[in-house]
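Visitor: Okay, here's what each chain looks like letter by letter:
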Amino acid sequence: MLANTPIGWAILVVSFAATAVGTYVAYQAYRGYRRHQSRPMQYLSIGLVLLLGVSFVSAFFGSLLFRGGVAPSEYRRPFTLLVRSFQLLGVSFIAYSLYRRS
Amino acid sequence: MSEDWDPDEVLDLLSDEYARSILAETSVEPMSAKTLRDRCDASLPTVYRRIERLKEHELIEEQTKVDPDGGHHKVYSATLSSFSIELADGEYVGEIERTDRASMLDADDTADRLTYMWENL
Numbered sequence: 175m176l177a178n179t180p181i182g183w184a185i186l187v188v189s190f191a192a193t194a195v196g197t198y199v200a201y202q203a204y205r206g207y208r209r210h211q212s213r214p215m216q217y218l219s220i221g222l223v224l225l226l227g228v229s230f231v232s233a234f235f236g237s238l239l240f241r242g243g244v245a246p247s248e249y250r251r252p253f254t255l256l257v258r259s260f261q262l263l264g265v266s267f268i269a270y271s272l273y274r275r276s
Numbered sequence: 669m670s671e672d673w674d675p676d677e678v679l680d681l682l683s684d685e686y687a688r689s690i691l692a693e694t695s696v697e698p699m700s701a702k703t704l705r706d707r708c709d710a711s712l713p714t715v716y717r718r719i720e721r722l723k724e725h726e727l728i729e730e731q732t733k734v735d736p737d738g739g740h741h742k743v744y745s746a747t748l749s750s751f752s753i754e755l756a757d758g759e760y761v762g763e764i765e766r767t768d769r770a771s772m773l774d775a776d777d778t779a780d781r782l783t784y785m786w787e788n789l
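Top line first, the protein sequences correspond to chains A and B. Count along the first sequence from 1, add 174, and you get the number used in this note's numbering. Count along the second sequence from 1, add 668, and you get the number used in this note's numbering.
Chain B with its partners taken away, still in its complex shape (with noise of 0.2 Å):
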């Protein structure tokens, strides 16, 4: 994962009331768009334009799960879990620590297993 990001834009986009519950519902379970809105009290555009910018920063991580009848959704998972800023020597650090991908692997997915099989040889 990238370590190149600001923390002007993190806090910027943690200081927003919708993308802090889109990450604070899908910490709980992978969530789809429509769930968010209903969850977040939020329009779709708005829940759509919030996890764009949690996904440009690799806090969401969007996975496609295919549903019983064949057909396919997305659905958002929040990787972030935790956001410091220390003040040391006249700056500012910021870290961000994410979620093991591991955890978000369905173990009753085929592919799933076999990547993280693969992935931990």
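The shape of chain A in the complex, shown without the other chains (with noise of 0.2 Å):
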């Protein structure tokens, strides 16, 4: 079962969403990157993708593992810490974008 209350539905769909809509700007900046060959636009997709796509979607199998109870829960935080690693990535890449002139 992926959620077992209203509010755990609600958490699904809108992280969801977000991924999507994080997916959409992704793709633009990356085809702002391919149509001009943008360093910053290069950067600023991967940041996103790592930011809102990579993240996300490991946080989501990841606490499926948890939940079912094929991964121990003594894993429970150095997984957290990996998928905050990811979007501490993810924004690093996007900072670096801004400096990062094409």
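If you are wondering where the hints come from, they were derived from the structure by calculation, not from laboratory data. Idealized CB from N, CA, C, for every residue including glycine. Any given hint could be a false lead.
[To be verified] Chain B residues, not near chain A, derived (Cβ > 12 Å throughout):
id, residue
1, SER752
2, ALA756
3, GLY762
[As the list claims (entries may be wrong)] Pairwise CB distance ranges, derived in the manner of DEER restraints:
id, chain 1, residue 1, chain 2, residue 2, range
4, A, VAL199, B, HIS741, 20 to 30 Å
5, B, SER749, A, TRP183, 56 to 66 Å
6, A, VAL199, B, GLU685, 44 to 54 Å
7, B, GLU765, A, ARG213, 15 to 25 Å
8, A, TYR201, B, SER749, 27 to 37 Å
9, B, ARG707, A, TYR201, 32 to 42 Å
10, A, TYR198, B, LEU682, 36 to 46 Å
11, B, LEU682, A, PHE190, 48 to 58 Å
12, A, ARG251, B, LEU789, 29 to 39 Å
13, A, ALA184, B, GLY739, 35 to 45 Å
14, A, VAL199, B, GLU677, 33 to 43 Å
Put the complex together from the two separate chains, hints included.
Guide: Set out below in structure tokens:
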């Protein structure tokens, strides 16, 4: 079961929506990079994919594994650290893209 | 953009009639290689060879245009604005001025607008 309370479902739906919209922005940034060989756009798109795509997808599947009892619960905190690291890496790419001139 | 270019090579390239007419045509609007073949009265391989050399010296820019039917094709636009040679103290100094890329961004394209916005933050 993915979620069993209304708020659980709401969290899931909102997270999916954030990922979908974020992926759309990342895709436009990637197109900007391809069309203009723009380095800032390359870093922006990588950052957005890490921040919104990779971190959400890993958090989603991670929580499934923990809830299903496949992964031992003592890994829960290290796993949270991993997801947060993806987010940090994502925003770092975005920050770098602001400094990086094409 | 890299500024380490050889004036000899650029002079050589610009002395070519086809290279010059490709630049002239694409300075008006972005054009595909096929359109350039007709406008410049050259064969397609000639057009592609000149485009390659012009691209090497960043005198022309390649863009991918998405067609309404979902396909896409490549178009080229000149980025050369001026080329000058100065003779001073026993040596030639060449200078290339290129057009601002912002003028090539398509206002109707989301990715172009995002690129312009993000690069000019």
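Visitor: Where does the structure disagree with the numbered hints, that is, which hint numbers, in rising order?
Guide: none
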